[in-house]
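Participant: In case you want the letters, here they are:
There are 2 protein chains.
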Amino acid sequence: MRDLQKIYDYVDAHAQEYIELLQKFCRQPSISAQNIGMREMVDLILEELSSLGVSVDVVETSGNPIIYGELEGVNKDRTLSFYNHYDVQPPEPLEEWKSDPFAAEIRDGKIYARGATDNKGSLLCRLCAIRAFQEVYGELPLRIKLIYEGEEEIGSPHLSEFAEKYPERLKTDGFAWEGGTKQINGPLEVSFGVKGLLYIELRCRTANSDLHSSNAAIVKNPAWRLVQALATMKDANDHILIDGFYDNVKAPTAYEMECLKTLDYKEDEVKQRMGLDGFINDLTGIDLLNKLYYQPTANIAGFKAGYIGDGAKTVMPGSAVVKMDLRLVPDQMPDEILDKVRKHLDKRGFTDIEVVRLSGEPPFRANPECLFAQTVVKCVKPVYGMDPEVLVSSSGTTAMYQFCHSAGLDAVMFGAGNVASNIHAPNENIIIEDYIQAIKMAATVMEEFANAKES
Amino acid sequence: MRDLQKIYDYVDAHAQEYIELLQKFCRQPSISAQNIGMREMVDLILEELSSLGVSVDVVETSGNPIIYGELEGVNKDRTLSFYNHYDVQPPEPLEEWKSDPFAAEIRDGKIYARGATDNKGSLLCRLCAIRAFQEVYGELPLRIKLIYEGEEEIGSPHLSEFAEKYPERLKTDGFAWEGGTKQINGPLEVSFGVKGLLYIELRCRTANSDLHSSNAAIVKNPAWRLVQALATMKDANDHILIDGFYDNVKAPTAYEMECLKTLDYKEDEVKQRMGLDGFINDLTGIDLLNKLYYQPTANIAGFKAGYIGDGAKTVMPGSAVVKMDLRLVPDQMPDEILDKVRKHLDKRGFTDIEVVRLSGEPPFRANPECLFAQTVVKCVKPVYGMDPEVLVSSSGTTAMYQFCHSAGLDAVMFGAGNVASNIHAPNENIIIEDYIQAIKMAATVMEEFANAKES
Chain Y
1 MRDLQKIYDY VDAHAQEYIE LLQKFCRQPS ISAQNIGMRE MVDLILEELS SLGVSVDVVE
61 TSGNPIIYGE LEGVNKDRTL SFYNHYDVQP PEPLEEWKSD PFAAEIRDGK IYARGATDNK
121 GSLLCRLCAI RAFQEVYGEL PLRIKLIYEG EEEIGSPHLS EFAEKYPERL KTDGFAWEGG
181 TKQINGPLEV SFGVKGLLYI ELRCRTANSD LHSSNAAIVK NPAWRLVQAL ATMKDANDHI
241 LIDGFYDNVK APTAYEMECL KTLDYKEDEV KQRMGLDGFI NDLTGIDLLN KLYYQPTANI
301 AGFKAGYIGD GAKTVMPGSA VVKMDLRLVP DQMPDEILDK VRKHLDKRGF TDIEVVRLSG
361 EPPFRANPEC LFAQTVVKCV KPVYGMDPEV LVSSSGTTAM YQFCHSAGLD AVMFGAGNVA
421 SNIHAPNENI IIEDYIQAIK MAATVMEEFA NAKES
Chain U
1 MRDLQKIYDY VDAHAQEYIE LLQKFCRQPS ISAQNIGMRE MVDLILEELS SLGVSVDVVE
61 TSGNPIIYGE LEGVNKDRTL SFYNHYDVQP PEPLEEWKSD PFAAEIRDGK IYARGATDNK
121 GSLLCRLCAI RAFQEVYGEL PLRIKLIYEG EEEIGSPHLS EFAEKYPERL KTDGFAWEGG
181 TKQINGPLEV SFGVKGLLYI ELRCRTANSD LHSSNAAIVK NPAWRLVQAL ATMKDANDHI
241 LIDGFYDNVK APTAYEMECL KTLDYKEDEV KQRMGLDGFI NDLTGIDLLN KLYYQPTANI
301 AGFKAGYIGD GAKTVMPGSA VVKMDLRLVP DQMPDEILDK VRKHLDKRGF TDIEVVRLSG
361 EPPFRANPEC LFAQTVVKCV KPVYGMDPEV LVSSSGTTAM YQFCHSAGLD AVMFGAGNVA
421 SNIHAPNENI IIEDYIQAIK MAATVMEEFA NAKES
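Taken in order, these protein sequences are the chains called Y and U.
Numbered according to our numbering, the first sequence spans residues 1 to 455.
Numbered according to our numbering, the second sequence spans residues 1 to 455.
Think of the hints as simulated: they come from the structure by calculation, not from any bench.
Among the hints, erroneous ones may be present.
Identical copies carry no separate label here, and so any pair may be met within one copy or between two of them.
[To be verified] Straight-line Cα separation of at most 27 Å, DSS-like style, residue types lysine-lysine; simulated pairs:
{"hint": "1", "residue 1": "Lys220", "residue 2": "Lys266"}
{"hint": "2", "residue 1": "Lys220", "residue 2": "Lys340"}
{"hint": "3", "residue 1": "Lys220", "residue 2": "Lys271"}
These numbers were taken from a predicted model, which means no experiment stands behind them.
Can you make the complete structure from the sequences, with help from the hints?
Facilitator: As structure tokens, then:
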């Protein structure tokens, strides 16, 4: 057994170096949706992996490559895998950022950058833990596998291809997913599942270009068509009206409902931080958490039609687009819901509205009783000084299903972000202290899992 | 009486010069909604007016100035006034233009530019006619008054201020409004009225910024709020459901319905040009024209929410905006409709939706039997070789009411554009031959109206 205190001391002594490394990673844009900076980001990662002596294979896809790496450790019978992604969300709307999204400016003990938490902070805290073991002990406690994809933010279109091609690379004893969240000055969250996602565009075109709006008297307006179609898809109480949408939704079990009680969801803080008057249907307590974690959604993620600049322009749009993301829960499947949307629209005469699938990801839930899950939960208190919140399913989505469902992996999620990290939003940030703690947490999990025994 | 043929010959001989002048005007952007190039455009006009010896007053407003000019003519007892505007619509969406909107490129006998028809072509054809009289006869047939505003495309917010301040400058015998349209290889349209316009934004904000879309389970989505509000405002048959919206709509008179029969509206051509499958409710013939010219509209001119770039971004919008233009017919008034929209939303619980009035213009109809109207109609055949279409009301809007209603002016509209000029849309253009004809038409109206007598 290696003394973790020595590792913690090393991490504290080298904090500045770790911070600068994260800034360097954040300053390299890597926006998969816009295909900006992806290759440059890959090179930056490869440079870092090379300095750690990781044996690397860059697996090319028709999109962005998947970087696979391995490192041997003392316990050769136990493997710990880390999944992360090196792509980030687009930074827009730029005007709402207080500093350049790729400047990685430090203010008030935080690094502000697109990707600071999601997912570069999470990716690096694990690499930094590896470096700490190498520098302090010259060895790792167990075998490490690294899987970094560059298309998580656009729905991981090539991850199953990788899983099918390299089944041996997925073999592992513990599977740590990309990241998780933490209360500010409160407990770390450890979670075992994610919602699924169907991302679609509803497109309508009624004319070959935008027209003078005097034509609105006689020409069908595609924005009105979309408005009228959408109005059939959800009621005023946020109940989704797409025919058959809830058919395959499993009601939460008694155990799942019990888990909600362990969560420390700070409603007032959330409302204040996001600037909300209240939650949907004035929900609160367990009802709120039930809806957040166990219920599916049908979100309008974007609506674009006609003139969207400042001031008045009297045009009638020739075409209009709605982006929708629908978060799914077990056992809803993306293609099932896609089909239901299409049939729902057809049945109501909206055959002129095209439904385009941009991405889909089934929901996934791991077994919270497995050795790795239990080990991670046990590691939290020594590092953070308090027990974790244990979350059956995150309210968000990652491509867990593709890996974990068929390979039978029980993925566990924990990371470096917190509830105010603004991931996917302007002014994304990471608290530097959280980042350093997350390095220690990663190291602790490596050491403890190397020695953990099935009971 | 001056020989108009000499004027026509002069115009033909100087066509190239007139074309280059229009290109020069089009190359100067003057986008009132974005406050781009307005002063530079004023200078360009003043240079031209100065070379014609026009006595000019630049009337400053808190927005863009109104240029007023006078020129004396032989018949001192008759005045002809020309209203035009020097501002243009924004050129967006730029990617749909085949050439730069401010390059004024000539292709296939047309000048392509934002403002080529609306309204720089119309403004200049009248100035060019003045130059032709000056060069050929050294005099004008009658007194000319010029009123050029720079805010027509944003609802003419300072035109009534001008009318109130300078009532004597509005005194005239014939009032020619900014422009009109023409069938391609077909009749010129002469019209006597316009629809009104209420331009509003519906704004909704539920959070202080865009959020990760996992929050869609519990946070109200402002785009959904707007969709649900809009869905209460119009039915699937394009009937507007805003409470009391049609209360003050006058049914078309028998005479007005008769006028529709004189129109040569080429339905198939319109459908093909605009790329339409058909018109709203499959209307055709008189029913179609009745809706186009005599019925009000409630158009979604723009809808902006969340992520509107390429690809997928899983955000929940923090705010959303709908731009609406509502074209009004006698006797609907903008503020009346604004009030009705507000009350309609409040009654249905949409008190969280802000209604912001961007501009308003009442509808206006002149008397088609007055001397000037009759003179203009009579001038068309000698210039164009065929009788005009006589339109009681255009389907569009200009600020006629502000001038004409209180000053008792019977405005007549005729111009240089055609039905495929793409005004307010990408690839706006003017047919060069139409522009030259419009110069001759303006000259003919000056001459004939100088000599016309009340019957």
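Participant: Each of the hints needs a verdict: does it hold here or not?
Facilitator: Cross-check of the supplied hints:
1. Lys220 with Lys266: Answer is between: at 18 Å across copies they meet the 27 Å cutoff, but 46 Å inside does not.
2. Lys220 with Lys340: Both ways: Lys220 and Lys340 sit 25 Å apart in one copy and 24 Å across, limit 27 Å.
3. Lys220 with Lys271: between (40 Å within a copy, 12 Å between copies)
In this structure, none of the earlier numbered hints is contradicted; all agree with it.
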